[in-house]
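Visitor: Single-letter residue listing:
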Amino acid sequence: MSALTEPRHYTSELNYLNNGWTLKSWLLTKDHKRIAMLYLISITVFFALGGLFAAAVRLELLTPPGDLMDAETYNKMFTMHGVIMIFFFLIPSVPATLGNFLVPMMVGAKDLAFPRVNLLSWYLYVLGGIFAIYAAVQGGVDTGWTFYTPYSSTYSNTAVIVTAMGAFVAGFSSILTGLNFIVTVHKMRAPGLTWGRLPLFVWAHYATSLIQLLGTPVVAITLVLMMLERGLRIGFFDPALGGDPVLFQHLFWFYSHPAVYIMILPGMGVISEIVTCFSRKHVFGYPFIAGSSLAIAILGFFVWGHHMFVAGQSTYASMVFSLITFFVAAPSAVKVFNWTATMYKGSVSYATPMLYAMGFIGLFTIGGVTGVMLATTALDLHLHDTYFVVAHFHYVMVGGMVMAFMGGLHFWWPKMTGRMYHEIWARISAGLVFIGFNLTFFPQFILGYMGMPRRYHAYPEEFVVLNVMSTAGSSVLGVGYLLPAIYFIYSLYRGEQAPPNPFRAKGLEWETPSPPPTENFLTTPVVTEDAYAYAEKEVKALV
Amino acid sequence: MNKAMPLLPDSASQFAPEIDRLMGAEIIFSVFFTTLIFLSIGVLALKYRRKSEEDAPPHIHGSLILELAWTLIPFAITLVFFVWGVHLYFRVYTPDPSAMEIFVTGKQWMWKIQHPEGPREINELHVPVGRPVKFTMISEDVIHSFFVPAFRVKNDVLPGRYTNFWVTPTQVGKYHLFCAEYCGTQHSGMIGTTYVMEQSDYEKWVSGGEESMTLRGEQLFSQYGCATCHLPDGKGRGPSLVGLFNSMVKLQTGAVVKADEAYIRESILNPRAKVVEKFQPVMPTFQGLISEEGLLQIIAYVKSLEKEEGGAQQ
Chain A
-7 MSALTEPRHY
3 TSELNYLNNG
13 WTLKSWLLTK
23 DHKRIAMLYL
33 ISITVFFALG
43 GLFAAAVRLE
53 LLTPPGDLMD
63 AETYNKMFTM
73 HGVIMIFFFL
83 IPSVPATLGN
93 FLVPMMVGAK
103 DLAFPRVNLL
113 SWYLYVLGGI
123 FAIYAAVQGG
133 VDTGWTFYTP
143 YSSTYSNTAV
153 IVTAMGAFVA
163 GFSSILTGLN
173 FIVTVHKMRA
183 PGLTWGRLPL
193 FVWAHYATSL
203 IQLLGTPVVA
213 ITLVLMMLER
223 GLRIGFFDPA
233 LGGDPVLFQH
243 LFWFYSHPAV
253 YIMILPGMGV
263 ISEIVTCFSR
273 KHVFGYPFIA
283 GSSLAIAILG
293 FFVWGHHMFV
303 AGQSTYASMV
313 FSLITFFVAA
323 PSAVKVFNWT
333 ATMYKGSVSY
343 ATPMLYAMGF
353 IGLFTIGGVT
363 GVMLATTALD
373 LHLHDTYFVV
383 AHFHYVMVGG
393 MVMAFMGGLH
403 FWWPKMTGRM
413 YHEIWARISA
423 GLVFIGFNLT
433 FFPQFILGYM
443 GMPRRYHAYP
453 EEFVVLNVMS
463 TAGSSVLGVG
473 YLLPAIYFIY
483 SLYRGEQAPP
493 NPFRAKGLEW
503 ETPSPPPTEN
513 FLTTPVVTED
523 AYAYAEKEVK
533 ALV
Chain B
402 MNKAMPLLPD
412 SASQFAPEID
422 RLMGAEIIFS
432 VFFTTLIFLS
442 IGVLALKYRR
452 KSEEDAPPHI
462 HGSLILELAW
472 TLIPFAITLV
482 FFVWGVHLYF
492 RVYTPDPSAM
502 EIFVTGKQWM
512 WKIQHPEGPR
522 EINELHVPVG
532 RPVKFTMISE
542 DVIHSFFVPA
552 FRVKNDVLPG
562 RYTNFWVTPT
572 QVGKYHLFCA
582 EYCGTQHSGM
592 IGTTYVMEQS
602 DYEKWVSGGE
612 ESMTLRGEQL
622 FSQYGCATCH
632 LPDGKGRGPS
642 LVGLFNSMVK
652 LQTGAVVKAD
662 EAYIRESILN
672 PRAKVVEKFQ
682 PVMPTFQGLI
692 SEEGLLQIIA
702 YVKSLEKEEG
712 GAQQ
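Chains as they are written, first to last, in our numbering: chain A, -7 to 535; chain B, 402 to 715.
A couple of the hints might just be wrong.
[Unchecked claim] So the derived list for chain A, only partly shown, Cβ under 7 Å to chain B, looks like this:
hint, residue
1, 44
2, 59
3, 63
4, 136
5, 147
6, 223
7, 225
8, 227
9, 277
10, 307
11, 309
12, 354
13, 371
14, 494
These aren't lab readings, by the way, just hints derived from the structure by calculation.
Please read all numbers here as calculations on a predicted model, not as lab measurements.
By construction, the Cβ of each residue, glycine as well, lies at the ideal position given by its N, Cα and C atoms.
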């Protein structure tokens, strides 16, 4: 996609990884790539932790009575699962790791606009994480990740304030990352890199950053109000103190619905990169995919009321929120069709990242069409707060975002570490993830329509078969996630040396060695063509 | 209830088949598009699989016509679902005027039900088949959600505010009653049974000899001394409550409000919020003195105070 102004004979062995071995050189680094690695390690820890909580939930649900743990423990398990997976894994997952690593490289910059702020955002994330872990050690929290009032502010006897502080602090990390990306994309693009030539990964992160910057302060304020009510008995949400419990839901979802797009948009950016590279094709409908990211970011702010169709909201408000939700479904569908069309007449490889990408497109489609059902006001009367909702958002978040994250991690692993992973094992585990995921979550759609409410510690006999299937699936899924941890770590020691561009992909990040030097590029790259110009000229693998 | 693994829950309200039908339509739409995507990916991945590293695919930018087609066609179809859904949704929140009323109080972790004729029950709901029933619901503590899957309808039960929905039960039988909004430790224990009964059985069941809600309300009305000020002739220190329910009341501020359940409840708990024109704000608050069930009984009593013919009042 570009030509370096000087010949690419970068022979030095020095790269961002071996440029300093001390702990200090990592903990005080301002290099976006090292910060990305710090984030990668921390979110992996939280993903494992959240996964353990999920395992506890699934084990309890293996049998109808609540026999493995008591009700309070179960409630803490699903709450901690949600809090950790959403605030400490999904929200930072792609932006803070792949985004941090790649956005500066993709725009041809040496670093993000504010490297110190970038480091600060990681420290804030860690501080928030410490609050969350402290809350778990303190005995946990049982409000559900949604912190609905007045249960959270008045009735719960668990570590609500500490947990909410964790989410509050981690929110600032998210705001700072968003700010950094926006400024970087505006001000630091390489010569010739016009907006119309930006990789879709960058467009997706730009749209995500807008939501992070505009939405996160609202949830921060909401959590503060909830903590004030709980700690100082100042009435905002509890009717006994003159407050309105539904007001909390409005404020909470004003952020937390757009937050769903914070979680999925960067994943969509990853998929655009993978599908083009492994089809060796220019992306189909570039302006539509880029534009749909912005459309999702903007429309996403006006659909929060679809979480409240049965919450005592005015029926007319529900009608309007339902309509806008149908509008937001359109740009998501546009992306799915365009990715599929990109494969047309391509040269499709079945490499691991592409397997994840194809999985993403399929599962995200299921997540999307079931979202249309939930957006239909009358169907939500029945489906709301049942397992149907649980299945729906896991199809989007795990079937979508986690698949995209795994796909992206495999795609850029050679770039980030300079090592190749074991392709066969990687394909096996991609298959296990796909099978395990569907076995875990598809039965939950049926459970939901049957009427099983979510967040139930014990359930009636007739739901047992589907629950057993779901728990069985989750163990397959667990193995599917464990394998990459093993072969990735193994690759660091024994993996083949990665060439600069092992997949013959387009994009500035592939025109520099693997792993890249600290300053990313020896000379500022100049961009002379579209992103994804796969057909225009042959790219030889750089060795 | 089915003993084998059923794929559809029981169906016991007039809304259930309608919601199933809408769901069926959306499932057909969803299966069509999901299959289309899965098949396309499968076929394209097979047909255009990489045959050699030297493959040189053509450059295809996109197609405006295709973009418009796959944006607008699915969107137009989903708009049909939107209209269909809203139409049904509004009906669930527009009770039949002839509906009998049942009062629900949610509390950690039980459902308390009152029937106007008198019977009170916990974690059980008895309703007659074929008669519209309107539920008026309130919570004593946190948010709950009243959910009978066989009716295909649920609604949140909020503290401090009445919420409603209605159904006409259509099928005699025994069905689940769940709390669907997470409400704390024993959330999954806040369950019960809905009994849809033959009308004659229900009449027998409901006339079990208990005092009616109106009578209980009247007792509370005198117990709390309401009657000393709210004289029926309007000459007391408080306005007359005769014929009050659902009438339009003019306030001191000049505003006019409808005297519905929410207004009466607020006027008991927070009397200074909406003072009636020409009256002084002298009524004390009863916040914390009367339970939510008691409030419903007083409201039932106030509702029963209809204008007598000829206006003869003592």
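Visitor: Against each hint, give a clear statement of whether it holds in the structure.
Guide: Here's how the hints hold up against the structure:
1. 44: Cβ of residue 44 of chain A sits 21 Å from chain B, so the hint is violated.
2. 59: violated (13 Å)
3. 63: Constraint on residue 63 of chain A satisfied, holds at 5 Å.
4. 136: holds (5 Å)
5. 147: holds (5 Å)
6. 223: This hint is violated: residue 223 of chain A lies away from chain B, its Cβ roughly 18 Å from the closest one there, beyond 7 Å.
7. 225: Status violated, d = 15 Å.
8. 227: violated (11 Å)
9. 277: holds (4 Å)
10. 307: Holds: closest Cβ of chain B sits about 5 Å from residue 307 of chain A, inside 7 Å.
11. 309: It is violated, given that the least Cβ distance between residue 309 of chain A and chain B is near 12 Å, above 7 Å.
12. 354: holds (5 Å)
13. 371: holds (6 Å)
14. 494: Hint violated; residue 494 of chain A Cβ to chain B Cβ min 12 Å, cut 7 Å.
Figure legend: structure checked against the earlier numbered hints; hints not met, in rising order: 1, 2, 6, 7, 8, 11 and 14.
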